[in-house]
Amino acid sequence: MPSLKDIKTQINSVGSTKKITSAMKMVAASKLRRSQEKAEAARPYSSRLEEMLSSLASSAASGEGIIKLLTGTGNDQNYVVVPVSADRGLCGGFNSSINRETFKLVKSLEGNGKKVQLMPVGKKSRDFFNRVMKDQIIESFVDLNVSNTGYESALNISNKLQELYFDGKFDKCILVFNKFKSAISQEVTQQQLIPLDVSNSEKEEEKENSSNAIYDYEPDEETILKDLLPKNVSIQIFKVLLESDAGEQGARMAAMDNATRNAGEMIDSLTLKYNRTRQAFITKELIEIISGAESI
Amino acid sequence: MATISFDLVSPENLVFNDEVGTIIVPGKDGDLGILPGHSKVMSSLRPGRVMVYSEDKNLIKSFFVSGGFAEINPEKCIVLAESVVEVNSLEKTSIEKEIQELENKEGKESEEQLSVAKAKLEAINVNYYDKI
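Protein sequence lines correspond, in order, to chains U and P.
Take 3 as the starting number for the first sequence in my numbering and just add one per residue.
Take 5 as the starting number for the second sequence in my numbering and just add one per residue.
Please keep in mind that the hints were generated in silico from the structure rather than gathered at the bench.
Note that this is a predicted model, so its numbers are computed, not measured.
Be careful, since some hints might not be right.
Pairs of lysine-lysine, DSS-like flavour, derived with a Cα cap of 27 Å [claimed, not checked]:
| no. | chain 1 | residue 1 | chain 2 | residue 2 |
| --- | --- | --- | --- | --- |
| 1 | U | 106 | U | 33 |
| 2 | U | 228 | P | 112 |
| 3 | U | 228 | P | 32 |
| 4 | U | 162 | P | 135 |
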């Protein structure tokens, strides 16, 4: 049976853990609010850009000077998969679900005879893939500090991707990231970044086609499209980084909330045990005294 | 006189959103003056000043954009710019320093940055369009 002192120490240590987790929860909650605001602020830009692109995509597809970011290389042998994870842990299944999903995706692509390379974003996925598929990593991006310099990091990633793409190093690029659904739930999502997937924006375009049809383009459609497409890649990455950042904070908040609650329960049960043990000691001592008195 | 709604959007936030009288944007092939009822145009932008005027032609604000796109229709003008700063908040000395540093570097990227920085300097120095 543990001594009273042991239980007391245990209660204290669980208590301080509880303090830490509840502090982390509050920090995550305030960061979450900030990341959400950021994500919200970025929305007008990306949605506008998408609208422009969708109205241009149709006109370019019918013209001749089509560029590869939109149409692809005509092959689908070489893939680049970009898992977007967090730099830090203690956020529940946030990172491991990204890693698991990416791992599954890579294996299934390889099962179909494709060549897959990796470009992990965030320490947690870099470390994971450094262990399991080290030679497939071409580049990794860590310490992004999304809430401050998010767009610059997105630019870096997109520049690197485009450089490789135009060198003919890969044909398709897929992002794997946590989509922010609500503060407590994230959904692992795959998004094809290159070539651009216009299938969903095409619907929007049909809807607005009547109003979009008669734009004048300056200098001309092709030039605009050539400017627009690389920007779109960076914006998509930026959006994903923001979503993932908000998701991370949400996941951490939920995880820390759970941990705080668990610690509370543990303290309750330990306190109960402590009181019982103390009572048992008192009873034992009483019995000893009484039996000692009787024997005299 | 009528007004036109103007949005200036950067990736990080919505910088400006209001009903205005006139806007001048630096189109790739030349500056575009946009009044209410402008025909539909989509244009890419070069680095330069985006000037916003009230209905009675007073300058409200001028921004420096490093490039981007403008979408214009009779009721609305939307400028998507990669980086937006108010011209008033630009500092001449720091830009001159930047230009000097960039001139010593080589490569495509720093060349682009250099042209943006030079456009910035020009944006501070020139004052045409201040009155229209």
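Hints and how they fare:
1. U:106 <-> U:33: The hint is violated at about 31 Å.
2. U:228 <-> P:112: Given pair residue 228 of chain U, residue 112 of chain P holds - Cα atoms ~17 Å apart, limit 27 Å.
3. U:228 <-> P:32: holds, 13 Å
4. U:162 <-> P:135: Violated, because 44 Å separates the two Cα atoms, which is more than 27 Å.
Figure legend: structure checked against the earlier numbered hints; hints not met, in rising order: 1 and 4.
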